[in-house]
Each structure stands twice: as structure tokens, then as C-alpha cells.
Amino acid sequence: FDNGAMYDRIVSAHKMLDYRNTQELANHKVWIPFHFLPGNQGFPSNVKPDGRFIHRLVCKPDSAVARDMLRMVATHWYKPYGVHLMGIAMHVYADTFAHQGFAGVIHDYNKVDNLESSSSSLLQRIKDDLFSGGVSASSPLGHGAALSFPDRPYTSWNYLNGEGEHVVRDNTLIFLQAADAMCKALQCWKHGDAEINIDNQPGLTTQQRSLIEHALTTIDDEDGEARHTKWLEWLREGKFGFAAVDLSFDKDGENSWKQQARGQGFTQDGKFVYRYSSSFLNSDWKLFHDALKTYRIEVIRDVLPKYGICIA
886 FDNGAMYDRI VSAHKMLDYR NTQELANHKV WIPFHFLPGN QGFPSNVKPD
936 GRFIHRLVCK PDSAVARDML RMVATHWYKP YGVHLMGIAM HVYADTFAHQ
986 GFAGVIHDYN KVDNLESSSS SLLQRIKDDL FSGGVSASSP LGHGAALSFP
1036 DRPYTSWNYL NGEGEHVVRD NTLIFLQAAD AMCKALQCWK HGDAEINIDN
1086 QPGLTTQQRS LIEHALTTID DEDGEARHTK WLEWLREGKF GFAAVDLSFD
1136 KDGENSWKQQ ARGQGFTQDG KFVYRYSSSF LNSDWKLFHD ALKTYRIEVI
1186 RDVLPKYGIC IA
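For the sequence shown, my numbering assigns the number 886 to the initial residue and increments by one for each residue that follows.
Calculated directly from the structure, the hints in this document are not laboratory data.
Predicted, not measured: the structure shown is a model, and the values here were computed from it.
Yeah, the Cβ is synthetic: ideal placement off N, Cα and C, and Gly gets one too.
There may be inaccurate statements among the hints.
[Said to hold, decoys possible] Listed below are the simulated DSS-like cross-link pairs for lysine-lysine, each with C-alpha atoms no more than 27 Å apart in a straight line:
| no. | residue 1 | residue 2 |
| --- | --- | --- |
| 1 | K933 | K914 |
| 2 | K1178 | K1136 |
| 3 | K1075 | K964 |
| 4 | K1156 | K1136 |
| 5 | K914 | K1115 |
| 6 | K1136 | K964 |
| 7 | K1075 | K914 |
| 8 | K1156 | K964 |
[Said to hold, decoys possible] Simulated DEER-style distance windows between Cβ atoms:
| no. | residue 1 | residue 2 | range |
| --- | --- | --- | --- |
| 9 | G972 | T1114 | 17 to 23 Å |
| 10 | G1126 | I895 | 55 to 61 Å |
| 11 | D1187 | G1150 | 32 to 38 Å |
| 12 | T1114 | K964 | 30 to 36 Å |
| 13 | Q1062 | C1195 | 28 to 34 Å |
Please take these sequences and the hints and turn them into a complete structure.
Structure representation (C-alpha cells):
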């Protein structure tokens, strides 16, 4: 800043084609904690699995690790960044469902063979788009070799994993399970249950589940941003059984959290700086990055070591 103040943000995602995806430590600090939370082979912290270390890194839906992550987040609910941290946790929790069966490291376990989809034309188009950008069919990072199939809620697909096991995935069912689990976690938050007794919460009603399933299968644009736009439209139209809500998020520009927090930069004494304002300390952009930094250090330092998992 122009007064000498400084703030260091962190990265919570890399693009598939980002050169940093080849740097192992970067993967361990980004892909593992934020997108492929290790599942410890489905075992609780007091059980040491017999498998290889890579097996412990593989994502498992609603794992004991995931619930401990949510309990860690609950200790920060009443901090200034608590809401932002809960949002980050919901993304990670959802990814334990969507990214199940993959690990956030460069490893042959993530290789995919004989990838098939209920839509062969979609499969070919996705392959063409990704391969033209330089992504290999055997990309060993995360679900790179499975392309974008794990993140498409309307499709089903199957493949042979890196150990030759046949895996069948129904994304709509998986996403519904994730939505119900997220609902229960948020109900814990609403009721102040910091122990995260998810199994004691009612979750989605039958009607809510049906409405979400309809959205998952109906909003089937290939482009993720287009799907996101339609979900926002449905929310504005009140199609999910609760009052209509108008949500928006600008990644860049004058309405973005980033620019609202920092303003426009300028050159001062040969350096590019931003004008400091005391409002920066309570800005959504700073609080979001405070939450990211808190999440990453506590997952890596506290949550995963309980399971004998050291990643960075």
C-alpha cells in the first residue's frame, strides 16, 4: 500500500494448464486441502489403514477427515471471517463427493483408462477441447485424466482407475448426496452445533431434494459458467421452495470484492501500490483470504496429522 502496509493473499486453485500443477509442493498446498481432502481410506483417526500412503490421500465422500475439518471450522464461526470460512468449507465438503476416488497429487493412481459416458458426443467434445490445450489423457494430477466429468452434475460415466478397478459414477445421485450433507452441515451451523452432529440433522426435505434433482438434470449446459448463470436465475425466480434471492459475484471490475477492498492501483516512487484505507481490514476480500489462510494452515497442521497424514 502507499503507506507501507502490506497484505499477502494466497492461492486456493490453479488452472489445469497452470505450470504450477507440475510443482509438487504447490499441489500439496492447494489441490489437497482445498479440492481433494484426503479420505484416510474411510477410517477414523484412531485407525491406521493398511494401504499405501497414496490410498490415504484419495478423496472419500463425507469422510471422518471431512467432519473433523468441519469441526475445526466451527471453532471460527464467530470470527470476522467465519462466514467466509464456512463457505470455503462447503466447497471442500462438496468436493469430497464430486472428487471421490481421486487424489490431489501427481500419481499414477489418478490415471484413467476406458473412459465412457452416457453421452459419447459430449465425451469427444470435452476431449478435443482439453487435448488442444495440452492436457494428456493420462494426466496423473487429481481428476485431470477424467477431464471435467466429476464436476458435471447431469451426466453418468465409468472408467478404469490407476489400479485397474472399474468405477461407475452417477453424478446426479452423487450431487444430491452432497447437497443433503451440505444442508445438514449448515443446519449444524444454524443451530450452533459445533460438534457437527450431522447425522442428527434432518437435511433436505423430499420436496427440496426433488427440486434440486430437477435443476441438476435440467441445467445441462456444457459450459460451467453458463450453468452457474442459470442456477442464479432459478434462485432469483424462487424455484427452490424458498423465497427468491438475488445473488451476484463479480470476479473483476468495480463491483468485485478485490477492487472494492483495494481500489485502483497507481505508481508511487517507481512502485505499483494501492491507496490504504482502514476499511480494507473489514473488506470481504481480506476476510476471504484470512479464511483461506486459516483453513489451509489448520487443515495441514492440525486436522490431517491426526490421521498420520503429513502433506506440507
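Right, here's what the structure says about each hint:
1. K933 <-> K914: At roughly 23 Å apart (the allowed maximum being 27 Å), K914 and K933 satisfy the hint.
2. K1178 <-> K1136: The hint holds at about 20 Å.
3. K1075 <-> K964: Given pair K1075, K964 holds - Cα atoms ~15 Å apart, limit 27 Å.
4. K1156 <-> K1136: Distance ~25 Å between K1156 and K1136 Cα, so the pair holds.
5. K914 <-> K1115: violated, 32 Å
6. K1136 <-> K964: Between K1136 and K964 the Cα gap is close to 24 Å, so the pair holds against 27 Å.
7. K1075 <-> K914: violated, 30 Å
8. K1156 <-> K964: Distance of about 34 Å is beyond 27 Å: violated.
9. G972 <-> T1114: 17 to 23 Å: Given range 17 to 23 Å: holds, Cβ gap about 19 Å.
10. G1126 <-> I895: 55 to 61 Å: This hint is violated: roughly 37 Å between Cβ atoms.
11. D1187 <-> G1150: 32 to 38 Å: holds, 36 Å
12. T1114 <-> K964: 30 to 36 Å: Taking Cβ atoms as reference, T1114 and K964 lie about 32 Å apart, which means the hint holds.
13. Q1062 <-> C1195: 28 to 34 Å: 30 Å Cβ-Cβ, so the 28 to 34 Å window holds.
The structure does not agree with the numbered hints 5, 7, 8, 10 stated previously, though it agrees with the rest.
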